[in-house]
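Go ahead and model the full structure; you've got the sequences and the hints to work with.
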Amino acid sequence: MQTILIQLDTDNQASIFDRVVAIDSGVAQIFSCAAVTPETVTSLVHGAIFTRGPADLKHTAIFIGGSSAAAGEALQKKVLKAFFGPLRVSVMMDSNGCNTTAAAAIATARKHMPLTSVPATVLGATGPVGLRAAELLAAEGAHVTLVSRTQERAKAAAETIRERVPQAIVVAGAAADAQENEALCQGAEVVVAAGAAGACLLSQGALQRLSGLKLAIDLNAVPPLGLADVSANDKGVTHHGVLCYGALGVGGLKMKVHRQCVASLFEASDRVLDTQAIYEVARRTAGITT
Amino acid sequence: MQTILIQLDTDNQASIFDRVVAIDSGVAQIFSCAAVTPETVTSLVHGAIFTRGPADLKHTAIFIGGSSAAAGEALQKKVLKAFFGPLRVSVMMDSNGCNTTAAAAIATARKHMPLTSVPATVLGATGPVGLRAAELLAAEGAHVTLVSRTQERAKAAAETIRERVPQAIVVAGAAADAQENEALCQGAEVVVAAGAAGACLLSQGALQRLSGLKLAIDLNAVPPLGLADVSANDKGVTHHGVLCYGALGVGGLKMKVHRQCVASLFEASDRVLDTQAIYEVARRTAGITT
Amino acid sequence: MQTILIQLDTDNQASIFDRVVAIDSGVAQIFSCAAVTPETVTSLVHGAIFTRGPADLKHTAIFIGGSSAAAGEALQKKVLKAFFGPLRVSVMMDSNGCNTTAAAAIATARKHMPLTSVPATVLGATGPVGLRAAELLAAEGAHVTLVSRTQERAKAAAETIRERVPQAIVVAGAAADAQENEALCQGAEVVVAAGAAGACLLSQGALQRLSGLKLAIDLNAVPPLGLADVSANDKGVTHHGVLCYGALGVGGLKMKVHRQCVASLFEASDRVLDTQAIYEVARRTAGITT
Numbered sequence: 002m003q004t005i006l007i008q009l010d011t012d013n014q015a016s017i018f019d020r021v022v023a024i025d026s027g028v029a030q031i032f033s034c035a036a037v038t039p040e041t042v043t044s045l046v047h048g049a050i051f052t053r054g055p056a057d058l059k060h061t062a063i064f065i066g067g068s069s070a071a072a073g074e075a076l077q078k079k080v081l082k083a084f085f086g087p088l089r090v091s092v093m094m095d096s097n098g099c100n101t102t103a104a105a106a107i108a109t110a111r112k113h114m115p116l117t118s119v120p121a122t123v124l125g126a127t128g129p130v131g132l133r134a135a136e137l138l139a140a141e142g143a144h145v146t147l148v149s150r151t152q153e154r155a156k157a158a159a160e161t162i163r164e165r166v167p168q169a170i171v172v173a174g175a176a177a178d179a180q181e182n183e184a185l186c187q188g189a190e191v192v193v194a195a196g197a198a199g200a201c202l203l204s205q206g207a208l209q210r211l212s213g214l215k216l217a218i219d220l221n222a223v224p225p226l227g228l229a230d231v232s233a234n235d236k237g238v239t240h241h242g243v244l245c246y247g248a249l250g251v252g253g254l255k256m257k258v259h260r261q262c263v264a265s266l267f268e269a270s271d272r273v274l275d276t277q278a279i280y281e282v283a284r285r286t287a288g289i290t291t
Numbered sequence: 002m003q004t005i006l007i008q009l010d011t012d013n014q015a016s017i018f019d020r021v022v023a024i025d026s027g028v029a030q031i032f033s034c035a036a037v038t039p040e041t042v043t044s045l046v047h048g049a050i051f052t053r054g055p056a057d058l059k060h061t062a063i064f065i066g067g068s069s070a071a072a073g074e075a076l077q078k079k080v081l082k083a084f085f086g087p088l089r090v091s092v093m094m095d096s097n098g099c100n101t102t103a104a105a106a107i108a109t110a111r112k113h114m115p116l117t118s119v120p121a122t123v124l125g126a127t128g129p130v131g132l133r134a135a136e137l138l139a140a141e142g143a144h145v146t147l148v149s150r151t152q153e154r155a156k157a158a159a160e161t162i163r164e165r166v167p168q169a170i171v172v173a174g175a176a177a178d179a180q181e182n183e184a185l186c187q188g189a190e191v192v193v194a195a196g197a198a199g200a201c202l203l204s205q206g207a208l209q210r211l212s213g214l215k216l217a218i219d220l221n222a223v224p225p226l227g228l229a230d231v232s233a234n235d236k237g238v239t240h241h242g243v244l245c246y247g248a249l250g251v252g253g254l255k256m257k258v259h260r261q262c263v264a265s266l267f268e269a270s271d272r273v274l275d276t277q278a279i280y281e282v283a284r285r286t287a288g289i290t291t
Numbered sequence: 002m003q004t005i006l007i008q009l010d011t012d013n014q015a016s017i018f019d020r021v022v023a024i025d026s027g028v029a030q031i032f033s034c035a036a037v038t039p040e041t042v043t044s045l046v047h048g049a050i051f052t053r054g055p056a057d058l059k060h061t062a063i064f065i066g067g068s069s070a071a072a073g074e075a076l077q078k079k080v081l082k083a084f085f086g087p088l089r090v091s092v093m094m095d096s097n098g099c100n101t102t103a104a105a106a107i108a109t110a111r112k113h114m115p116l117t118s119v120p121a122t123v124l125g126a127t128g129p130v131g132l133r134a135a136e137l138l139a140a141e142g143a144h145v146t147l148v149s150r151t152q153e154r155a156k157a158a159a160e161t162i163r164e165r166v167p168q169a170i171v172v173a174g175a176a177a178d179a180q181e182n183e184a185l186c187q188g189a190e191v192v193v194a195a196g197a198a199g200a201c202l203l204s205q206g207a208l209q210r211l212s213g214l215k216l217a218i219d220l221n222a223v224p225p226l227g228l229a230d231v232s233a234n235d236k237g238v239t240h241h242g243v244l245c246y247g248a249l250g251v252g253g254l255k256m257k258v259h260r261q262c263v264a265s266l267f268e269a270s271d272r273v274l275d276t277q278a279i280y281e282v283a284r285r286t287a288g289i290t291t
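Chains as they are written, first to last, in the numbering used here: chain A, 2 to 291; chain B, 2 to 291; chain C, 2 to 291.
Honestly, I wouldn't trust all of these hints.
Since the list gives no way to pick out one identical chain from another, each pair is judged satisfied if it fits inside one copy or across any two copies.
[What the hints assert, rightly or not] Subject to a maximum C-alpha distance of 30 Å in a straight line, what follows is the list of computed DSS-like cross-link-like pairs (lysine-lysine):
#1 LYS59 to LYS257
#2 LYS236 to LYS59
#3 LYS257 to LYS215
#4 LYS112 to LYS215
#5 LYS236 to LYS82
Just so you know, the hints here were simulated from the structure itself, not pulled from any lab data.
Here you go:
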């Protein structure tokens, strides 16, 4: 029986990126659906679960994607609601690569150092990737400072993380420019930049000025970069005593995690690959055993 | 040369159900087209018939689906018109599963008993499945009472059947509620319920009250069921001396018929799998040889 | 690693013709995108180039199609702009079959005779196929008379050809009817008709009246034909001393060229199969070695 991945994409064109990765993960058939909405998704899910028998449903799975993580989460809720008892298939949500990117970034950090009680700052933390990076850092026990342009959005994001990770230690901070961002990175051992493309979050020389900083990860691949001191290709390079990773430096692990996750959907019919589950795959893929 | 099934779906999202079944029928490639209209279908059909040579056209076929049987029939007409002599491919129409479901239901009945001159009542007979179930019963020689909520719609459906099956013996009846439905089932040896989801057509105890009834089939899988005495999972179970089938009890044969039909499209380039042809497949699949 | 062809189609339904040919060219996976616009194409291209590594990008390619050659050319420009250095994939443009049809027609002519300095007239030369046929004749060194219904459009087309083929010898002519077309064919050794479906460009007996004419190709397959003396099935048949090809007579080579071109996309990651490159494939496919 052939493996079938049903791509439910919230954009008007189903992501080519996700389709190529699906094929490279060994999926035999990819069924792409574009412009999927919570209103239209239920009959698509029923089509997936009412054809093959329960014992064969592990050969069918659902991938939720698109450029909006919020739209993807809304879709995921409806997908999970459409299942009936054993009539269910595994589901992965990775709109805009938010989960695989955040998971690869934090697994990269975790590979270099334990994160328990480590002070860590996430810049651009209210976007889809930043929010998930902060969540994963908090779940690893880091003491997270979550920075956004407004205190209101930062607080809301911190609250979301506390709901998902009850033991989370998170404080919210607002920063209007690179200087204010830098102030909120003082004392951090880990800094992750996940701002919008083209937003410079820490200016040149910041790595030197931030004493105590051990690891800096910039997830922005489009110049101007998020951390002026880190280049997109940096992959464990040391600048001024700080281990640096750029977006492309994290990208190899991200791609592996994405492929591993898709492949693992077909091991059972009840996998739900959300942020935490994808992070578990990233940890294994990165060779983290502790 | 690979087999290609071209799915022409009248809905905004091409049915996942039909795509999965196509793959499980052994089709190598499925090309899905959504929101297909009679206005746009001709160039799609030309794309199918003008590529491979006439001798190879049996490796390409068309499946017409979607939630509306009327839209599917309109599409089928245009598809057949778009062919030129030997430049044609096989076609199957099964919008909303109307043909495979009706064919599986009546083949299930036929397997248990000859239907010639047998009094049979179809409830909810003006919907896509009910109309086709009544047509197939009439074609088997049953004396069909076709029941709808209004006499007008019932008469129109009976007329449609007489056009398709000239020798049909069909009478139209109107029933406003379960009690009136039950009155129209008096004397029937076979009752098929094909009403809308959630409409109770015969109330509890009806099977006991209907003397002479031998076989009852309820095609509604969503509670409340169409026949209160029959459960969705019933598969040849006897209740009060009546052999009973629920929607899931018929479902296994329906799925087999669907797959067999898709596979048979590729045996020649001129198959047209409509109600009667799909019923022939259902008879063979059910092992009916007489 | 599987070959993936990404079909970017400018119509609301992605061409079935192009999808079938892709499969018959040996492509493992075809990803079809409909209603693609220059505004939405960049992220689709990024999805294609940011997944597989540069060394593997030759296993992915892009096919641009749809019913409008102008829309296809606009898309091609944006596709080529979206590449970054080695992050690119091979691209073929064949909206409405314009390039493969024109290439097959002129390769057919070239197979029979050298074209250098040969007087040649293209009728209906401002349509997508006619313009490209005229361009390819000019590139072969023929002295081309390019005919349209208005002098203005004919001149613009001649100018376009001079931009693409600097050494081109092209004159523009206007003809309102078959008689005026015939006057512009006087002295031509080659006539190619590429008018709109149903437009008769040369009336019955023209082949006899045109002294010096050696080869006539009519690319219109829908009656009434473009050249009344040539039938759609003619394939190197001689009428009144003139070698004749109809649309179906050229069609076999066109299909082979289309399949060869698609297959050749996967030989490298930097092929751009436009009019001239597709003609090179047509020459090789037709066995022209000089």
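Evaluation of the provided hints:
Taking identical chains as interchangeable, the C-alpha atoms of LYS59 and LYS257 lie at most 30 Å apart whether they share a chain (21 Å) or sit on different chains (20 Å). In this assembly of identical chains, the alpha carbons of LYS236 and LYS59 lie at most 30 Å apart only when taken from different copies (26 Å versus 37 Å within one copy). Taking the shortest Cα distances, LYS257 and LYS215 sit within 30 Å of each other inside one copy (25 Å), while across copies they are farther apart (61 Å). Taking CA atoms no more than 30 Å apart as the test, LYS112 paired with LYS215 passes inside one copy only; the shortest distance there is 13 Å, against 70 Å between copies.
Taking CA atoms no more than 30 Å apart as the test, LYS236 paired with LYS82 passes between copies only; the shortest distance there is 28 Å, against 41 Å inside one copy.
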